[in-house]
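Participant: Spelled out from the first residue to the last, the chains are:
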Amino acid sequence: MVTAESSQGPPGPNHPWAGSQDTDPHPSVTSFPPATAAMPSSALWAVDLFGRVHTLSTAGQYWELCRDTQLEFRRVSAATQCCWGIACDNQVYVYVCSSDVPIRRREEAYENQRWNPVSGFCDTLLLSDRCPWSDVSGLQHRPLDGVALPSPHWEWESDWYVDENFGGEPTEKGGWTYAIDFPATYTRDKKWNSCVRRRKWIRYRRYKSRDSWAKIPSKEDPKQLPDPFNDLSVGGWEVTEEPVGHLSVWAVSLQGKVWYREDVSHPNPEGSSWSLVDAPEEVAQISCGPYDLLWATLWEGQALVREGINRNNPKGSSWSIVEPPTSENGIMHVSVGVGVVWAVTKDRKVWFRRGVNSHNPCGTSWVEMVGEMLMVNVGLNDQVWGIGCEDRAMYFRQGVTPSELSGKTWKAIVAGRECDQSHCGSSSSLLSAGCFFGDEVRSSGDSAPSDTDASLEVEKPGPALPLLAESLDNPRNPKGSSAAGPGTGRTAEGAMGNACPAQGRGEAAQASGPDKCPGPASTPAELPWTNIDLKEPRKAPSHSAAGIPETTGLSSLGLLPLGLEEHCGVDDQPLWAWVSGGGCAVEACSVLKWFTVQPGLSPSVQTLSLSITPAQTAAWRKQIFQQLTERTKRELENFRHYEQAVEQSVWVKTGALQWWCDWKPHKWVDVRVALEQFTGHDGARDSILFIYYVVHEEKKYIHVFLNEVTVLVPGLNEAKHSFALYTPERTRQRWPVHLAATTEQDLNDWLALLSLSCCESRKVHGRPSPQAIWSITCKGDIFVSEPSPDLEAHEHLLPCDQMFWRQMGGHLRLVEANSRGVVWGIGYDNTAWVYTGGYGGGCFQGLASSTSNIYTQSDVKCVYIYENQRWNPVTGYTSRGLPTDRYMWSDATGLQECTKAGTKPPSLQWTWVSDWSVDFSVPGGTDQEGWQYASDFPASYHGYKTMKDFVRRRCWARKCKLVTTGPWLEVAPITLGDVSIIPEMPDSSRSGHSIALWAVSDKGDVLCRLGVSELNPAGSSWLHIGTDQPFASVSIGACYQVWAVARDGSAFYRGSVSPSQPAGDCWYHIPPPPKQRLKQVSVGQTSVYALDENGNLWYRQGITPSYPQGSSWEHVSNNVRRVSVGPLDQVWVIADKVQGSHSLSRGTVCHRTGVQPREPQGQGWDYGIGGGWDHISVRASATRAPWSASQEEEPSAPQEAHGPVCC
Amino acid sequence: MTDDKDVLRDVWFGRIPTCFTLYQDEITEREAEPYYLLLPRVSYLTLVTDKVKKHFQKVMRQEDISEIWFEYEGTPLKWHYPIGLLFDLLASSSALPWNITVHFKSFPEKDLLHCPSKDAIEAHFMSCIKEADALKHKSQVINEMQKKDHKQLWMGLQNDRFDQFWAINRKLMEYPAEENGFRYIPFRIYQTTTERPFIQKLFRPVAAEGQLHTLGDLLKEVCPSAIAPEDGEKKNQVMIHGIEPMLETPLQWLSEHLSYPDNFLHISIIPQPTD
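Which chain is which? The protein sequence lines are A and B, in order. Each residue of the first sequence is one higher than the one before, counting from 31 in our numbering. Each residue of the second sequence is one higher than the one before, counting from -5 in our numbering.
Hints should not be assumed to be uniformly reliable.
Said to hold, decoys possible - Rough simulated footprint, nothing fancy, chain A against chain B, three-plus residues with beta-carbon under 8 Å:
#1 27 to 34
#2 100 to 108
#3 186 to 193
What the hints assert, rightly or not - Distance condition first, Cα-Cα at most 30 Å in a straight line; then the derived DSSO-like pairs of lysine-lysine:
#4 A:Lys652 x B:Lys229
#5 B:Lys165 x A:Lys652
#6 B:Lys104 x B:Lys141
#7 A:Lys793 x B:Lys72
#8 A:Lys683 x B:Lys142
#9 A:Lys991 x B:Lys165
#10 B:Lys132 x A:Lys623
#11 B:Lys229 x A:Lys793
#12 A:Lys652 x B:Lys228
#13 A:Lys438 x B:Lys132
#14 B:Lys52 x A:Lys663
#15 A:Lys652 x B:Lys214
#16 B:Lys228 x A:Lys623
#17 A:Lys663 x B:Lys229
#18 A:Lys891 x A:Lys345
#19 A:Lys989 x A:Lys975
#20 A:Lys438 x B:Lys165
#21 A:Lys730 x B:Lys142
#22 A:Lys345 x A:Lys975
#23 B:Lys165 x A:Lys683
#24 A:Lys663 x B:Lys47
Source of the hints: derived by calculation from the structure; they are not laboratory data. Nothing here was measured: the structure is a model prediction, and the numbers come from that model. Don't be surprised by glycine CBs; every beta carbon is placed ideally from N, CA and C.
Could you build all of it, start to finish, from the sequences and the hints given here?
Facilitator: This is the structure in structure tokens:
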């Protein structure tokens, strides 16, 4: 028996049981925002002419001033979690957005000791030995007090401490590990020949400068003239799939040199150093895409394209040059996305580069787009923003989709500013917003854009973004800089351009060499701005401009004030200088509130508008509900014995479907299907589904009473629009009725109708009860079942093949519920979702769906195929295998041929959203090209080549995406790997308390959600729980026992968690069962079950209130994929394989029978619905039929007392 | 929490307990018992009174029977108004059951349309739906539907099949996401106090400035006499389906949820009961 000793000793007096009896002295009275407040949002970053940085949330409608307003900026470049910028002091800053999860890095040092007969183990080492304090290799001296923080933006989390965990096992000896000599294999146990020992000290540091601009040390080289940065771009986060969150930060100096910031990643937001990247010519501006595109512009007007960027070489290898669209107007600005390049030439025309992709980063040709822009910026999902040339308004390119990357129209963003908003109360803001929210583009045509000074243009050929630099030169002179306002800027430039050097401010370099100071671009005589893609015609500015020849800067200053007031009024839009959409996730289906007044009642935003005027809205709706109820009472109550005027009649839906026939050879046969509804004598409605088929020219039919149907499962067949229909008998047979429709619409109609009929005949409708059991299939479909009290009865259990499951809209990988109605889910892309209380969605439209609380939900997953090669002496590894070999392109097993071209998304609901790319994250590791080697197929693969390896393979992944609807709202921004909500008894007196919810992020951070309640199921914020290694699974029991599983396969118990101390105090390390790595844990009322990677289910023995960690693991069953222990200590699992009378099903819901207080491990299994189930949560199911008189009898075990053994 | 879907059900399954009595002057062979029936509020009198007709015809001679018509307290009941509307307008303040007098002769040609068969009701019903969709979607939705969809709407009403009806009708209640509602709200306002049968005008669900119009806005615009002055006493009830929605209720929501199957909001303005 392994005991769960811990260096920190047994838990103190406030162990979980004691904690649960505590009454919270501070009942929570905080009112939390409604769940809708947790709408996921990301932000657009922009700089206005005064150098102020603003953000605009995708969920918001106001520009918010950046929290850290000390600095004025010239440029910003955003990623989702951070933003880099160049301030007016020419320094580079990074703004790391705050998050509930800290950025923490571990520092390690090793203490080394050698044994000598005199003093035993001591730090007196041999001369040839390593230092007493070293790094892991022993080569570097590393005393604890010598480990310094890398910058002032970090702080220590705690002091140094010894790491007790050695490969998942506690060392129990102060962390010492023993070996014969340095360097050697270290073991936990001291042996007779252990001459040396070492132990690991660890200490965490935290990045503290979040939500503020942190200065990046400049690259000053005292030997050279200062060369401040001129432009900067952040990207590259998709080059590697690793969770470290690599970022490529590129910068360009005023002298045209290109710099790359080394080692920038999420855990190291500042990076380490600047390194120079050679460029053939002087670079003016640079843009780095999320993936492997990097373009720059040259002062001469061409574009420079970086080639050879990949995960091993994020800096790329070489440059090629792309000529501008026309020779007379060079490229002034360029911006790249994943697969697109947009550019602005000196004449302000906007260009789209055709044919750009990873294989051909240069693309093929330029296409001119409508509109004139100062700059454009490509953000996430290749969405595009621009700053209008004349009005300096912000434009969004509408209609950019994967199939139409160039989009359709420019649409002005007319969001107000925070300051505007603050003038009026929140209730009236919507109305007052009406005055500056408009759908039209404000015409700036009459604000006198001036002619261009031709001579100036010759002198200043620089690709100018002049206004920016200028206005930032006088940040304290708002009048002056705003005078360089819309359209007039170019004239102002003339004068101010000369003023530039005089003003100094580090712009000296600008004055010399090619004048990088604002060079006005020419205004073509005829502006090509057409009205086609703008809602309101704009006046061609050139007409009015023609009237003001040779306007000088001064004169324009004099002319402007009238226009100025018009444009800089409180209600008007800011004038923009720069925009970055690198952190702004807009999708084709997104509903943005940036362009118009908010619609009040369109279903998609109904709840949002509710949150604006909840009281009022609720009042009229409540009144209607109430009056209707009263009306029904008044008009019907005393007259129910009256005859109905209209008798209910049978309504039949018929159609043609295909049926997977019951006889061999099994195949799809055409059938006629009819659904008949009728009203029974008791007034209840029921339906029969008839399936008419022809066999041997004989007409036959089968029929199914819909009140016997237990579940309808859609789309189990990739190629067909099919569904499976189960009854208890069919569940036992593992042989459902498979039906297929010809179109998706047809399938959805049938599914919705049949599902509605099933629900009707069982009188199940509306939102599931808080105690519902939730489950998920391997297709991500969500099912919910109302537990009958007999399900967990002490005797005469309801067989679980009789449970009725109905589908909920949405797509999830995991779902967890609690008996107070809080339900959370996690998608395949690890997005966290909270249940909104609606029902329906997906294919359940109309009556089967609630009107409110249904939202768009998307999910992304990868499809994997394998490229297999065999070595031969002549040509080395080739795609020519032996005749006996597997397919050279195959699935993981090698049995199915899977080519890049032939592999389709998992079902018709999915669409590809990326190209095939090599997956380097496969277990066993890969070489630089992603290959894994083995002696033969199939064998265990390793990531390096040896002499004995004759075959190799590599994994290719391709992302696909599904968009559906369902009663789910995203809980942004942290993505999760696992989640657990405290199971509670419905009568528990905790209703005032917030609900404990624990989660593990997909990066392995353990998190505790604060503020979760029935009214606010999404909670308010995460509390990060520090761990010494990434975690995989967490579960909280009814008495606040928090158990977790770390990625190394060992378990941890969290001490002292209670309502008043939601985070507990410390982790107690619990070794896994011998030679097993745990992967999941589930804690009920008192029972603790864990699951290992080999499908074994373990029960934790010896848990008592005074010793909550228990003493040992007891094997319960094999063949288990997933376990869920509920508030009654009931145990449900997903069994891997279950043999039925007709067929075998994989992924089957099973219920542990014979679970009793004295026998919590139970006796056997009862088998429920199966065939593709992946996940179940019974943690909300807290009712049980009371004991009957014969309670003393031993319940009979319907199944044999061993695991759900497969045949 | 109650869902908006439940409103649709409540509206559909609204029933008025009714007592049919044969007009005293009708000639019968033996005494005619009153006939009690639950009438669906959303249906039409002549569509749901086959049983009534049969019941009274049993006690009458064949030659005394001509087209059936109904009357309440001296007012002939227009079969082409939905039953709920007739009740709200004429009888909402009286005690239940609703006492309707059945006539078989002296058809009031001036007041009523003839209803020779169910086809006449169907034609009337479908023309209302089409008119409503012309207002809501420039007829685009109804025109895109197939003949069988039209039939399903009618059959749904005729057979009192909520699911069958709403499976199609929900399409008539949709509107483009970028709009905030229908083009115009199909409504009719009825008053007993005026000669005019009803008021019907073009009225948009959303104001030019973007905010949603409410029931109060509508009344202010088209029937200002219906609403009480701010400080004045409430003189009228504004009733739909036997309930009085608050004047703050958005009109678009009302149109989606409280319209009759013919897709019109039939609003009754009736004097406030004095007691």
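Participant: Give a verdict on every hint.
Facilitator: Hints, one by one, checked against the model:
{"no.": "1", "hint": "27 to 34", "result": "holds (count 5)"}
{"no.": "2", "hint": "100 to 108", "result": "violated (count 0)"}
{"no.": "3", "hint": "186 to 193", "result": "violated (count 0)"}
{"no.": "4", "hint": "A:Lys652 x B:Lys229", "result": "holds, 24 Å"}
{"no.": "5", "hint": "B:Lys165 x A:Lys652", "result": "holds, 26 Å"}
{"no.": "6", "hint": "B:Lys104 x B:Lys141", "result": "violated, 34 Å"}
{"no.": "7", "hint": "A:Lys793 x B:Lys72", "result": "violated, 38 Å"}
{"no.": "8", "hint": "A:Lys683 x B:Lys142", "result": "holds, 12 Å"}
{"no.": "9", "hint": "A:Lys991 x B:Lys165", "result": "holds, 28 Å"}
{"no.": "10", "hint": "B:Lys132 x A:Lys623", "result": "holds, 27 Å"}
{"no.": "11", "hint": "B:Lys229 x A:Lys793", "result": "violated, 43 Å"}
{"no.": "12", "hint": "A:Lys652 x B:Lys228", "result": "holds, 21 Å"}
{"no.": "13", "hint": "A:Lys438 x B:Lys132", "result": "holds, 27 Å"}
{"no.": "14", "hint": "B:Lys52 x A:Lys663", "result": "violated, 34 Å"}
{"no.": "15", "hint": "A:Lys652 x B:Lys214", "result": "holds, 23 Å"}
{"no.": "16", "hint": "B:Lys228 x A:Lys623", "result": "violated, 40 Å"}
{"no.": "17", "hint": "A:Lys663 x B:Lys229", "result": "holds, 26 Å"}
{"no.": "18", "hint": "A:Lys891 x A:Lys345", "result": "holds, 28 Å"}
{"no.": "19", "hint": "A:Lys989 x A:Lys975", "result": "holds, 29 Å"}
{"no.": "20", "hint": "A:Lys438 x B:Lys165", "result": "holds, 28 Å"}
{"no.": "21", "hint": "A:Lys730 x B:Lys142", "result": "holds, 29 Å"}
{"no.": "22", "hint": "A:Lys345 x A:Lys975", "result": "holds, 27 Å"}
{"no.": "23", "hint": "B:Lys165 x A:Lys683", "result": "holds, 19 Å"}
{"no.": "24", "hint": "A:Lys663 x B:Lys47", "result": "holds, 28 Å"}
The structure does not agree with the numbered hints 2, 3, 6, 7, 11, 14, 16 stated previously, though it agrees with the rest.
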